[in-house]
Amino acid sequence: MIYRLKKWLGLLASRRLITVAIVIAGLAATGVILSAIIAPARDSIRARQPALRLDAAGAGQGAALAILGGFRALVADFAWIRMYTIWERRDLPGTEMLLRLVTTIDPRPVYFWLNSARITAYDFPFWRVLAAGGFETVPEDVQRRLSHEQARSALRGLETAMRFHPGSVELWVERANIELNRLGDLNAAAESYRRAWELPGAPHYVARLRAEVLRRAGRRAEALEWLTRLHPTLPPADEGAAADVVLGRIRDLERELGVPKERSYRPPGARE
Amino acid sequence: MWLIAGNTLREAARQRFFQFLLLLAFTLTFGARWLRDFNFGAPELKFLADCGFGAMAFLGAALTIAATAQLFFSEVDNRTALTLLAKPVWRAEFVLGKLLGVAALAAVFCALLTGLLSLVLAWREAELVRLLPDAVAPGGGVSHAMVALGGLMQWLRLLVLAAFTLLVATFAQSQLFSVVTGFLVLVVCHLQHLAQDAYVRAGSAAGLVASALISSVFPDFQVFQIADSLAAADLPATGDVLRVTLYALGYSAAAAGLAVVSFRRREI
Amino acid sequence: MGAPGPDGAAGTPPAIEIRGLVKDFAVGLRGLRLRAVDHVSFAVRPGEIFGLLGPNGSGKSTTIKLLLGLLEPTAGGCAIFGVPSGKVEARRDVGYLPEAPNFYRFLSGRELVVFYGRMCGLAGAALRQRVEEVITLVGLAGSADRRVETYSKGMLQRIGLAQALVHDPRLLILDEPTAGVDPVGSAEMAELILALKARGKTVLITSHLLGQIEDLCDRVAILDRGRLVAEGNVSELAGAPGRLSFETDALPSEEIAALRAWLESRGRRLESVAPARRRLEDVFRAHVGRGARSTEEKR
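So the sequences go chain by chain: A, B and C. So for the first sequence, the working numbering puts the first residue at 6; every next one is plus one. So for the second sequence, the working numbering puts the first residue at 18; every next one is plus one. So for the third sequence, the working numbering puts the first residue at 66; every next one is plus one.
Quick caveat, the hints were computed from the structure, so don't treat them as lab data. Everything hinted at is true.
Here are the in silico distance ranges between beta carbons for each label pair: (1) B:Trp140 with A:Lys266: 52 to 62 Å; (2) B:Ser191 with A:Ile27: 17 to 27 Å; (3) C:Ala188 with B:Val204: 42 to 52 Å.
Built from N, CA and C at the ideal position, the CB exists for glycine as well.
Work out the full structure: start from the sequences and follow the hints.
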């Protein structure tokens, strides 16, 4: 017994184990010192690297692979290419699974979210109607229900996307487009365009779209007010801002609402 | 030390394995353009960059681990280390020379691939601008500074990996063990951020000690993804880049220093 | 270990001094120990050729590795020109040719010697001059630009000797320098070693081929299972005190009988009479000589 104990003690004190202990202690000490140095940078890196959404269903082995970190972008890219192949075959469950996988593995590119929403809102109802017998066979109310189901699914996806990209104009515009084109919900679309316009870097057409949607929703006064507030802010030299077009629409709305000439909008710098 | 480093680089560059991996990485980076006909604008550029950096990350790691273990054990097994260490050479010079040689090899690998990737991106961007003028938004194109920074981050990651593999090799008895352990280190370093999170959440004392040990012994390779975008707007702050560089150099120096300690006692 | 040993002249440390050297190797994880060198002590004087002899596994190479600081001793110690072996300075004045040497195969012979010269701190014109000198000395001037991977075993030994000599060390340690080399190559190596001795170098040479060593060494030590079992001058160890042999022209049997009778009349005995023989190695060298060597080099 004592002999064995001595032997084990001797083994514990063996040169190699001592070296391993020194190595672990040395690296641990290094880690402690360096963690203080890297901490501020790590925070900003983590902010750019959203955590993997492993809780998302259907992620499976792909996510396990991608968790290796360095390759999540590449794995997502290849899954996206694979998704296109399946999309061409109009395989709805396969496409849906891969769309979820891609956005789970790498939620950073807005592109993935936008196209996922478009495929879900525009392609999926089309495929479902075809699978149910075609547009001539399937009753219109069923078609509408399918379209609305898919549109709401796409909007849920966009909501998730907005948590990762709160400053993305494109996501709000896409949301508005789906609300407008697939749900026919003009008020919701008008609100989404407003939210998009309030974000930095929003293109001018977003503001014009909001006015148009308000007009089509019968909220002409609001549309006029929106445009009269917008017009003075538009840079005249910017073609994209289309100040003349906006002024033209203001005049149209004034006519439609019967605004007297003396109360009509006067652009900045215009003569009395 | 510099002589040993130069000789190590020369030996490595002449190996078919390096030439094969370089060719494969070139093919992946260059061939990604034809993997599928996208023509969908800026995201295609992102895909090309992901392919290039993916090739650099994966093949670079394979190259670094294999080259470090092979170049170290070739000296020990072929007994060239005997002749070398019988000269007035410190063992530290031998170990650091080997590390610098592999670091130079990784630098050549990363520089060549980063240069190629930059060229492929510039060429495809010009093509896309011509074909689909609206697809690439003004200012949303490729930032070559970002690509270069991405290449630098890949190299720093490989440098740390080389230092850790060398550390393992100094007390390992076989090349195979060093290679397998090197890959294990790579995986642990990529998953290290999970240990960080576990450390924060750890309920038990044992869990706390284990996660604290893992998160301090192994570097976190997630930090090298500071430059994984192509947009100039995403360029990280200089301070962050410096911190990541210091982090990589610190871990490399520590691993190299410990490799010297371990090798000092090794019987040749 | 720094003090001069008994074999060194006053004020001049011995070229090599080994005292009570012990080396154990751990075998397996169970802590078993194998003793490779067991309390070995000897000294080598400057300027002599010293042979460390013994069968395979007797501890010769381990002793050399300990001497060069490539292994750490379990007990005892060694010094080179008074400097303890563990220090890098101890290796400044040593050239080492390992057993069956292996070199960077992608380098040419000249590049290899240049590399090792630089490792020893040589540079510029002095390096170039010294490289040419040693390459010529070892007889590889015609093959110096060929890659080492194309060299024969004998050529590898000679380029190994060149790298050992490049920094002009005072002490040369040659571990089995003729192992696997043909008799012509062995003889040329022996000539080189004698030439180096003539230049004042100290040479420690290990071998299990006793015949080759016998003609070269001033003194030898014999190791067996890690222990020093004999040490001394070659003539002291190999000679038979009180006995004599001589060689004459061929004698007819009656003259041999007369010689035997004359010796017996003086109380002596003629032990043996046999036809004189040349050593097979000499016969081989006479037939397979320089011509064959130069053909090999030109190849």
